[in-house]
Each structure stands twice: as C-alpha cells, then as structure tokens.
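There are 2 protein chains.
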Amino acid sequence: MELFWSDNISGGTVVLDAEESAHCVRVLRHRAGDAISVIDGEGTLYACRLVVADARRAEAAVVDSQPRFGSHPYRLTMAVCPTKNIDRFEWFAEKATEVGVDVIAPVFGEHSERKVIKTERVRRIVLSAAKQSLKALIPAVPEPVSVLDFIASAPADALRLICYCDETLPREQRLSIKDALAGAPDDVCILIGPEGDFSPREVAAAFASGWKPVHLGPSRLRTETAALTAVTAVYLQKGL
Amino acid sequence: MELFWSDNISGGTVVLDAEESAHCVRVLRHRAGDAISVIDGEGTLYACRLVVADARRAEAAVVDSQPRFGSHPYRLTMAVCPTKNIDRFEWFAEKATEVGVDVIAPVFGEHSERKVIKTERVRRIVLSAAKQSLKALIPAVPEPVSVLDFIASAPADALRLICYCDETLPREQRLSIKDALAGAPDDVCILIGPEGDFSPREVAAAFASGWKPVHLGPSRLRTETAALTAVTAVYLQKGL
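As given, the protein sequences belong to chains A and B, one line each in that order.
Counting from 1, position 30 in the first sequence corresponds to residue 30 in our numbering; the numbering is continuous, with no gaps.
Counting from 1, position 45 in the second sequence corresponds to residue 45 in our numbering; the numbering is continuous, with no gaps.
Derived by calculation from the structure, the hints in this document are not laboratory data.
Do not rely on the hints blindly, as some may be mistaken.
Since the list gives no way to pick out one identical chain from another, each pair is judged satisfied if it fits inside one copy or across any two copies.
[To be verified] Simulated pairs of lysine-lysine, BS3-like, Cα-Cα distance not exceeding 27 Å:
| # | residue 1 | residue 2 |
| --- | --- | --- |
| 1 | LYS118 | LYS238 |
| 2 | LYS238 | LYS84 |
| 3 | LYS238 | LYS115 |
| 4 | LYS115 | LYS84 |
| 5 | LYS178 | LYS238 |
| 6 | LYS118 | LYS178 |
| 7 | LYS118 | LYS212 |
| 8 | LYS115 | LYS178 |
| 9 | LYS212 | LYS238 |
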C-alpha cells in the first residue's frame, strides 16, 4: 500500500501538494478514478478516489476514513539532544517513527556541541518514515528549545524520565527504564542528553521539577542508540 | 578509554597487528611505558604497558586482566537476512553490537533478493562498534548459510524464535517476543526473514524443528529495525 499525505482535507475533498501530486500522477501514473490512500498526518487514513489527476495539484474524493490508523496505545515525547554527526540524529528520527513515537523534540543542552538543526529536514524524514511504515500519525518535530526550557515546560502529569547515569545517586533513585515504565501513565516524556551529558544545573532543574532519573542498563550506548532503546522500551512495554 | 584489539596474546605479551599498531603508535602517539587497554575479542580486557612502540608491530606487557568486560548476562544469536540495501544491515550490526549480541549470522532465505554479503566488512564494523562501546567481546560474524540450514543447525536447548506474523496461526501460537522471552533460558536464538518474508517451506521447517513463532507488535518494521527491536527486547528483559 502506497500512502500519500495531505494537510488540505475538507468537505470530502483531498488536495495534494505539488510534491505529493507529482509523485502520485507523474511517478506512479495514477489516473482519474484510481483508488488512492491519503493520511492527514494526524492519525486518520482516508480511502479516496482520484478526481483531478493534475501533477501539480491533484484532487481526490474521500470514500472512507479510518481514525488511529497504525497507531500505538501510548503517547511518547522524545526530547533528544542532536548529535554532532547529524546523520545519527536523523537515523534515530526515522527508526523512532517506525517503532512508534508522537513527538521528536530536538533540545540543546549546556554541554551540546551542536547548537543548530534543520527541523524541516527532520520533518521530511519522519513524513517519509510514517508513510513507509503505514502510520497515519506523523510525529511532530517542534523547533528546538534549551534543555532547561524543555524541562520546565513538560506536562507534570506525564511520566517524565531523564536518562542519566549518576553512580553517586542512591540505588533506589536509579530505576531501570523498564521498572520506571511499569504501571506508569501512558503519557511518557523522555529526555536524552548530548554526547557531553547533562550539566549539573540541568540535572538539578529536572530533579526539582519532579523528573525521574532512569538508566538504560549496563551497555554504553551512543546518544541515538540510547534514544531508540528508550522508544523501544516504551513500545515493548505499552505497545505489545 | 581507548581500546585496542589483539588476537595475539600469550605468556603475558600482547602483539598488535599492523592496523592496531599504526593507530596506537602513529595516530595516538603512544610511547614505550604508556598504559594501554587491549581486548582479545573473546570477552577479556587486558591492562597493558607498551614495551615496543613500533607502528607496524607494537608489543605490550600484560599488567592485569578483567574477564567478561562489558558483558551481558545472556547469549544471543541473531540470524538476519541481509537487506537489499546493505547499509541497513551494516547499521543493524553496529547498533546490535552496542546494545549486546554474541553472534550476528547472515542467512539467505528462499525469498531473499540479496544473495551475497562481505562478511569481512561486517566484522570490521562490529570490531569498531565493540571497541567504541567498551565491550571486550566482539560478536562473531560467521559465513552466510541458508535459512533452512540455519534452522536445522541451531542448538535445540536454546530458546529459538522465528519472527513471523501469520494471521492464520491460532492466537495462542502467536506470542509477542516479550511474552516468549519471559522465564525462558538465557541462550536465545532469533531468526529474522528477508524483505520478501520466509517461504512456506522455511516456516514449515522451523515449526517442525521446534522453533516458536513470535511477533514484534503492531508496528510494521523494516528488516533491520525488526532485528534491532528483537535485540533490544532481549537486552531489556535479560540484561537490565
């Protein structure tokens, strides 16, 4: 099944943008009358019939709709400091979308070496990954904020976990992510630091705001591997 | 900590090969008397002192040794059909090594589009990933065999799981990987098929040999993402 995406769906009519129209009409050679599948990026799949096979502005009529198509039974926000080598962050964004995530929030820590990110490029990657893995919800990729701002703004009723391995913390405060997720709410927010780890000020702010420190086990994981391991932990615990 | 690798360790003396010697002496500029750390690739870390700082054949004296350095408390063999785009398989090999795996066995299915793989290249990738993630055990990468041969040769006392989603199987036979791993032995063998899935003959052979079919949940994962999700499931269940 090939999915198209549109943010212009109303009154039973779907309009594809220039890029999706070209792919639908020029590349895949769809003609008026063909059945096509369109996602709105917010969770709904529309079964449509192509009406105007214009390679710059294709139009289709909605035949049926299916909410929560390819959805997962949790809400996960992953806040991750972009890696020095941006390929590794983009790889994470693709794989996290496949497994199941709602928000991929790039955040910059006080110890981050990288302080810029092209969010538009990441959005294209997650759009493509969502279509490829048959999900109607495209993860949101907000503009980056600082780790301190992210810590302060995360909803207090979500399970908020900061992946941070401080050996000096008392053992009962160093839960594994698996134990932290057990019996927790289905709204989860996880924060992964930069290669240079969180600053003491960031850690103190997280603790003061009620974030729980968790570890990802004994393996020494790169930033992007740690982030995907956390997504997979949520998926395995709450999605299966 | 920078790790070197050697397969030439005996009588308290470590000899580095040409590549590792060049990296140690020419790139990192180690001199005789420097402390260096060497892994044997089989699980032991050796604390050494450099004796001969030769950029083609460096020699060091063993000061101390630490078995099971960076190890995990399970034994995992991942048999995976290499992807059409080999980058994706190599990416899996790197990430699986970081998370924790013992054997990465490339296997070719009857529906595999790709029928060749450069195992030497994959071995270099897992060597590099093991060093980077501070593990003294380098996953073995055997020469490829067919899926049918692999199914027949896997040890019967290991938990043998085939990731295969046949909706026609009775529900009680379609365990999630999480449930299949619960209470299972620590010796685990997991088989992941090609993009074109297993052939009926391969599935029948697996069932006849006592392999258990498992699913990885509702998300539609690419081959390499499915394989890493399976590694992560074992790591989270048995490694934390």
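Comparing the hints with the structure gives:
For the homomeric pair LYS118 and LYS238, neither the shortest alpha-carbon distance inside one copy (31 Å) nor that between copies (38 Å) is at most 27 Å. Taking the shortest Cα distances, LYS238 and LYS84 never come within 27 Å of each other, neither inside one copy (31 Å) nor across copies (31 Å). Taking the shortest alpha-carbon separations for LYS238 and LYS115, neither the intra-copy value of 33 Å nor the inter-copy value of 37 Å comes in at or below 27 Å. Within a single copy, LYS115 and LYS84 get their C-alpha atoms as close as 9 Å, which meets the 27 Å cut-off; across copies the closest is 35 Å, which misses it.
Proximity of LYS178 and LYS238 under a CA criterion of 27 Å is satisfied in both settings, with 11 Å inside one chain copy and 11 Å between copies. Taking the closest pair of Cα atoms, LYS118 and LYS178 never come within 27 Å of each other, the shortest separation being 32 Å inside a single copy and 36 Å across copies. Proximity of LYS118 and LYS212 under a CA criterion of 27 Å is satisfied in neither setting, with 30 Å inside one chain copy and 44 Å between copies. In this homomeric assembly, LYS115 and LYS178 never come within 27 Å of each other (Cα to Cα): the closest approach is 31 Å inside a single copy and 38 Å across copies.
Taking the closest pair of Cα atoms, LYS212 and LYS238 come within 27 Å of each other both inside a single copy (19 Å) and across two copies (23 Å).
Hints 1, 2, 3, 6, 7 and 8 from the earlier list are contradicted by this structure; the remaining hints agree with it.
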